[in-house]
Amino acid sequence: MAETKGTVFLERRSYRQRRLADLARALPVVGLLLMLIPLLWTQGAEDGTRTSRAIYWIFGVWAVLVCASGLLARGAERDEAAGPQPTRRESGGPPGRPGP
Amino acid sequence: MGRNILVIEDEPNISEAIGFILSRDGWRVATHANGVDAADAVRSRRPDLVILDVMLPGRSGYDILKELRADAGTADLPVLMLTARGQAKDREMAATAGASRFMTKPFSNAEVLEAVRDLVRE
Amino acid sequence: MASLNLLIGVCLVYVAVLFAVAFAAERLAVRGNSHWLGSPLIYTLSLSIYCTAWTFYGAVGYAARSGLEYLTIYIGPSLVMVGWLWGVRKMVRIGRSQRITSIADLLSSRYGKSNLLAIFVTVLAVIGTTPYIALQLQSVTLSFAAFAATDPSVAMPDDSNLTALWVAAGLAFFTVLFGTRNLDANERHHGVVTAIALEAVVKLVALLAVGIFVVWGVGGGVAETMARIDASSLGHWEMASGRWSGLIFLSAAAFLCLPRMFQVLVVENDDESHLRTAVWAFPGYLMLMSLFVMPIAVTGLAMLPEGSNPDLFVLTVPLAEGRTGLAMLSFLGGFSSATSMVIVASIALSTMVSNHVVMPIWLRINGTGAMVSGDVRHVVMLARRLSIVGVLLLGYLYYRVSGGGTALAAIGLISFSGVAQILPALLGGLFWRGATRLGALCGLAVGFALWLWCLFLPSFGADVIVPARVLAEGPFGLAGLRPQALFGIEGIDPLVHGVLWSMLFNACTFFAVSTFTFPSPMERLQGAQFVNVFAHSNTPRGWQGGVAQSEDLMIMSQRILGAGQAQALFRNAAQQQGLPGYLPEPTAEFLQLLEREMSGSVGAATAHAMVSQIVGGASVSVEDLMAVADETAQMMEYSSQLEAKSDELIRTARQLRAANEKLTQLSVQKDAFLSQISHELRTPMTSIRAFSEILRDTDGLTVEERGRYSSIIHDEAIRLTRLLDDLLDLSVLENGQVSLNIRQGRLDEVLDRAVAAVLQGGGIALRRDRAAEAILLETDIDRLSQVFINLIANARKYCDAAQPSLTIAVRQRDRVVTVDFIDNGSGIASDAQEVIFEKFSRIGEGKAGGAGLGLAICREIMTRLYGTVAYLPGQGGAAFRVTLPARALMAAQ
Numbered sequence: 001m002a003e004t005k006g007t008v009f010l011e012r013r014s015y016r017q018r019r020l021a022d023l024a025r026a027l028p029v030v031g032l033l034l035m036l037i038p039l040l041w042t043q044g045a046e047d048g049t050r051t052s053r054a055i056y057w058i059f060g061v062w063a064v065l066v067c068a069s070g071l072l073a074r075g076a077e078r079d080e081a082a083g084p085q086p087t088r089r090e091s092g093g094p095p096g097r098p099g100p
Numbered sequence: 001m002g003r004n005i006l007v008i009e010d011e012p013n014i015s016e017a018i019g020f021i022l023s024r025d026g027w028r029v030a031t032h033a034n035g036v037d038a039a040d041a042v043r044s045r046r047p048d049l050v051i052l053d054v055m056l057p058g059r060s061g062y063d064i065l066k067e068l069r070a071d072a073g074t075a076d077l078p079v080l081m082l083t084a085r086g087q088a089k090d091r092e093m094a095a096t097a098g099a100s101r102f103m104t105k106p107f108s109n110a111e112v113l114e115a116v117r118d119l120v121r122e
Numbered sequence: 001m002a003s004l005n006l007l008i009g010v011c012l013v014y015v016a017v018l019f020a021v022a023f024a025a026e027r028l029a030v031r032g033n034s035h036w037l038g039s040p041l042i043y044t045l046s047l048s049i050y051c052t053a054w055t056f057y058g059a060v061g062y063a064a065r066s067g068l069e070y071l072t073i074y075i076g077p078s079l080v081m082v083g084w085l086w087g088v089r090k091m092v093r094i095g096r097s098q099r100i101t102s103i104a105d106l107l108s109s110r111y112g113k114s115n116l117l118a119i120f121v122t123v124l125a126v127i128g129t130t131p132y133i134a135l136q137l138q139s140v141t142l143s144f145a146a147f148a149a150t151d152p153s154v155a156m157p158d159d160s161n162l163t164a165l166w167v168a169a170g171l172a173f174f175t176v177l178f179g180t181r182n183l184d185a186n187e188r189h190h191g192v193v194t195a196i197a198l199e200a201v202v203k204l205v206a207l208l209a210v211g212i213f214v215v216w217g218v219g220g221g222v223a224e225t226m227a228r229i230d231a232s233s234l235g236h237w238e239m240a241s242g243r244w245s246g247l248i249f250l251s252a253a254a255f256l257c258l259p260r261m262f263q264v265l266v267v268e269n270d271d272e273s274h275l276r277t278a279v280w281a282f283p284g285y286l287m288l289m290s291l292f293v294m295p296i297a298v299t300g301l302a303m304l305p306e307g308s309n310p311d312l313f314v315l316t317v318p319l320a321e322g323r324t325g326l327a328m329l330s331f332l333g334g335f336s337s338a339t340s341m342v343i344v345a346s347i348a349l350s351t352m353v354s355n356h357v358v359m360p361i362w363l364r365i366n367g368t369g370a371m372v373s374g375d376v377r378h379v380v381m382l383a384r385r386l387s388i389v390g391v392l393l394l395g396y397l398y399y400r401v402s403g404g405g406t407a408l409a410a411i412g413l414i415s416f417s418g419v420a421q422i423l424p425a426l427l428g429g430l431f432w433r434g435a436t437r438l439g440a441l442c443g444l445a446v447g448f449a450l451w452l453w454c455l456f457l458p459s460f461g462a463d464v465i466v467p468a469r470v471l472a473e474g475p476f477g478l479a480g481l482r483p484q485a486l487f488g489i490e491g492i493d494p495l496v497h498g499v500l501w502s503m504l505f506n507a508c509t510f511f512a513v514s515t516f517t518f519p520s521p522m523e524r525l526q527g528a529q530f531v532n533v534f535a536h537s538n539t540p541r542g543w544q545g546g547v548a549q550s551e552d553l554m555i556m557s558q559r560i561l562g563a564g565q566a567q568a569l570f571r572n573a574a575q576q577q578g579l580p581g582y583l584p585e586p587t588a589e590f591l592q593l594l595e596r597e598m599s600g601s602v603g604a605a606t607a608h609a610m611v612s613q614i615v616g617g618a619s620v621s622v623e624d625l626m627a628v629a630d631e632t633a634q635m636m637e638y639s640s641q642l643e644a645k646s647d648e649l650i651r652t653a654r655q656l657r658a659a660n661e662k663l664t665q666l667s668v669q670k671d672a673f674l675s676q677i678s679h680e681l682r683t684p685m686t687s688i689r690a691f692s693e694i695l696r697d698t699d700g701l702t703v704e705e706r707g708r709y710s711s712i713i714h715d716e717a718i719r720l721t722r723l724l725d726d727l728l729d730l731s732v733l734e735n736g737q738v739s740l741n742i743r744q745g746r747l748d749e750v751l752d753r754a755v756a757a758v759l760q761g762g763g764i765a766l767r768r769d770r771a772a773e774a775i776l777l778e779t780d781i782d783r784l785s786q787v788f789i790n791l792i793a794n795a796r797k798y799c800d801a802a803q804p805s806l807t808i809a810v811r812q813r814d815r816v817v818t819v820d821f822i823d824n825g826s827g828i829a830s831d832a833q834e835v836i837f838e839k840f841s842r843i844g845e846g847k848a849g850g851a852g853l854g855l856a857i858c859r860e861i862m863t864r865l866y867g868t869v870a871y872l873p874g875q876g877g878a879a880f881r882v883t884l885p886a887r888a889l890m891a892a893q
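Chains as they are written, first to last, in this note's numbering: chain F, 1 to 100; chain Z, 1 to 122; chain U, 1 to 893.
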């Protein structure tokens, strides 16, 4: 009984880990799109968007990217450290064997 | 006449011992210590009997004996073979090579004398 | 007031600190105490060489000229790192599993270990990097001059070239010192990396300090500063969309392709898990570096007189405010940015130049590549050092020739777009099995040519290299070929224009040629290995062992890796295969291991060429091709397992055969020994019996005769005893009943005693190195000297050279002492090397000697002393190595 429980738990763990990797893969795409948004703003020396607004936007997106990728990398790492998977090489690898 | 013996043996102590025993018995003894030119030494000295050791530096006693037997001048020369290896195999090899008699080391002095006298009398 | 002397002083102290840090880090690493050296933080900081002086000074200048466009240069790499799961992770994994030494090596290795490709990339990298190095030299010189201008006590240094020369020379010295410590480019340069991490901190702190001063010290807070920015000439969003997106793409591409970035990102990577930290910390670093650029630019524009160089605002704004300390920190930041870039770039370039250009040429000149005489490590090392000096010299010359003018400022992006030409071949190689060598070469060539024509040559300005008329009307009046308006399409920004066309044609050529050419088997294997690196991270297959001569391989690898490392490698491999001695079976596995080890020193292409020279041509088997033809990773896995099994069967059969042969040989030897022992016993007994009978039976012996015959009996009795002693000694040693007499002694004295015991009458010339022998031992000195006596006596007895000589070489390494006895005779045939240590074995009949117990006794003794004695093949003559382990060793003095 306990063994079954363990297996289910581990599969959920590795499932979540794969989804985290998916998120991490999507992150730069989202980031790029957000960074390209300023191209849609109005331009020009007179009526263009003010530079301070551009600074807030770009650095805001940047900070979010840094935090998000930090959290994702941390999360995946913590999962790996807690899980019985010895392989550090492949985050999307097959589920680990049930522990003893 | 008929009293010359050539001892071919690389251990100096052994050839000295044999030389001593035989010369006390009235033989003229010469010694030779290596295998390579032993057959030439036999041909040039023309002894009446050869005492030949099996393990010689440069060439085996069997090979020397075969060469002597193949040569018409020495085909009938009496040869007493000495060996430090006492196995039956060695005795057979000596016989096929054409040894007149075969002795295993260590030997008694009397045995050597007797063998030498027998071989020359024949 | 700013004193130039003080600045020079601070600068020298800072350089001294850098040297000390690098030196200390090397020392720590050597002692294996490198835990914190290999931390993810250091790795992340070392990536910061992306931020060169072009960032530190240039970003502000860029912002003053073009507003927020400078951000693109840092957004691109940030996105690449955030998206590490797409590409960076794969690159790092491949770099580590294939022991890649540079970006050129990566491409060469991927495309069938082609050296032509490597040379091409190397040339591209050198051309792309040289102006960049010149830019760094210029930045140091300019900042120095800016400082000097404020010091009234000193006249302006009349020759700024001198400053640049000094900086270049200092950098060359530092890089040679810490960048070429170890030959294996794959080993980490702990000293360099640590110094660079320190510089990364300094430049970040410096830029932040200036920024904080500008925003809160001068500007009066965030809100006020923002208002000032909006009110300035840069106050409104004006961005050509092509440039914004084009530059993000360009900087991302350059981040992956720059040789220096590859060096820190992949080659210096200690642990793949460090990436997890770098993926967020490095974008964070870049963000902080960019944060205050705009405020500094706007403040500089407002505060400083018209016409001031905006590239130096970071320095001149604090100076204008009289903040000498802050300016000095800022100067150090810029200095750090410039030096760290130059150091890493020259290491990366020198590795490429020496591995892919110098070494292949040198090996070709010196005849057959593999069997070169002498140790080639010093050649590689020298090549690397000269390359470093050459690269820096080139940078300096470029600086001189270009006059250090403003032309240099634009060179950053030109340089980026040059190295970015590698991108299609790189990404294609990582993700597309169909990419071929020819495709990569053609794509690179086309991209490179377009880059030269559209970007590089015009960058010198009209009429310098490209005449203004050609620029305006095209060569020979062909308007379609105008460098900045290809195909008659005008009005595009020149940079975007060049990048667009060169990358487009590069990629299209690459894909088209790849599609219509056929890769060689080696390319297919490597392609599968790269693309599917996560599916099977073991080794590329290729070598079919069995025909190679292990001894030849050993001779060769000793030249490349050095004797110690090569012997350890071979010994370990042999041990893993369950074989004694130094010669493993040349299995495919072992050959790959060897090739990879060597490629860490001389690059993949050269290593492959050298191994193939010895192993022979057949490097790819039918099974391999079948495996390649099959596209699925599972099938590859399955067939490689099958192959491993059949390899193992073959190997087992070979080992069984060897064991059988050995048994037969042993049995023959045993018979021979019995016969031998009989002879050895009977010979002295014959004399004893004959003379004792003479003494007994003969009357009238003289006193002299009596004395002489008794002493013969006595001598022969002693000879018998000695033989029996030897036999007994051996049996005691074998049964482990021996009691050791452990005491201290000096190795050189033990050797002296052994030499004296054997070589009283000379007989063999002796070569020793007394300095190396001064080692204190704690072991059974008498037993050890018994071993030495035996080995020396053997050399005297069996060395058949016309002028026999014996070399005794002592070496101490990792607390293990090895003593080699190498003579110049014809050595021992490889089939006999196995059996000489067996009891009763003597090589050849009829040689004067003992009963064949000497080496057997030596072996037993060394086992008791926890050491070894073994035959060392491939040394030119007969060679024996005695190894004493750490516990028999005490530090000298």
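Derived by calculation from the structure, the hints in this document are not laboratory data.
All figures in this text were calculated on a predicted structure; none of them were measured in a lab.
Treat each hint with caution, since some may be false.
The calculated DSBU-like cross-link candidates involving lysine-lysine, where the alpha carbons are at most 30 Å apart (straight line), are [unchecked claim]:
| id | chain 1 | residue 1 | chain 2 | residue 2 |
| --- | --- | --- | --- | --- |
| 1 | Z | 66 | U | 670 |
| 2 | U | 662 | U | 645 |
| 3 | U | 662 | U | 797 |
| 4 | U | 670 | Z | 89 |
| 5 | Z | 66 | Z | 89 |
| 6 | U | 645 | Z | 89 |
| 7 | U | 797 | U | 645 |
Per label pair, the in silico range of CB-to-CB distance [what the hints assert, rightly or not]:
| id | chain 1 | residue 1 | chain 2 | residue 2 | range |
| --- | --- | --- | --- | --- | --- |
| 8 | U | 830 | Z | 87 | 50 to 58 Å |
| 9 | U | 731 | Z | 118 | 25 to 33 Å |
| 10 | U | 467 | F | 53 | 24 to 32 Å |
| 11 | U | 208 | F | 64 | 17 to 25 Å |
| 12 | U | 564 | Z | 44 | 24 to 32 Å |
| 13 | U | 205 | F | 22 | 36 to 44 Å |
| 14 | U | 641 | F | 74 | 32 to 40 Å |
| 15 | F | 64 | U | 467 | 33 to 41 Å |
Ideal Cβ placement from N, Cα and C applies to all residues, glycine included.
Checked hints:
1. 66(Z) with 670(U): holds (28 Å)
2. 662(U) with 645(U): Distance of about 25 Å is within 30 Å: holds.
3. 662(U) with 797(U): holds (26 Å)
4. 670(U) with 89(Z): The hint holds at about 16 Å.
5. 66(Z) with 89(Z): It holds: about 17 Å lies between the C-alpha atoms, which stays within 30 Å.
6. 645(U) with 89(Z): Judged against 30 Å, a Cα distance of about 48 Å means the pair is violated.
7. 797(U) with 645(U): violated (47 Å)
8. 830(U) with 87(Z): 50 to 58 Å: violated (32 Å)
9. 731(U) with 118(Z): 25 to 33 Å: violated (44 Å)
10. 467(U) with 53(F): 24 to 32 Å: With Cβ atoms ~45 Å apart, the hint is violated.
11. 208(U) with 64(F): 17 to 25 Å: holds (21 Å)
12. 564(U) with 44(Z): 24 to 32 Å: violated (60 Å)
13. 205(U) with 22(F): 36 to 44 Å: holds (37 Å)
14. 641(U) with 74(F): 32 to 40 Å: holds (37 Å)
15. 64(F) with 467(U): 33 to 41 Å: violated (50 Å)
Hint compliance for this structure: hints 6, 7, 8, 9, 10, 12, 15 are broken, all remaining hints hold.
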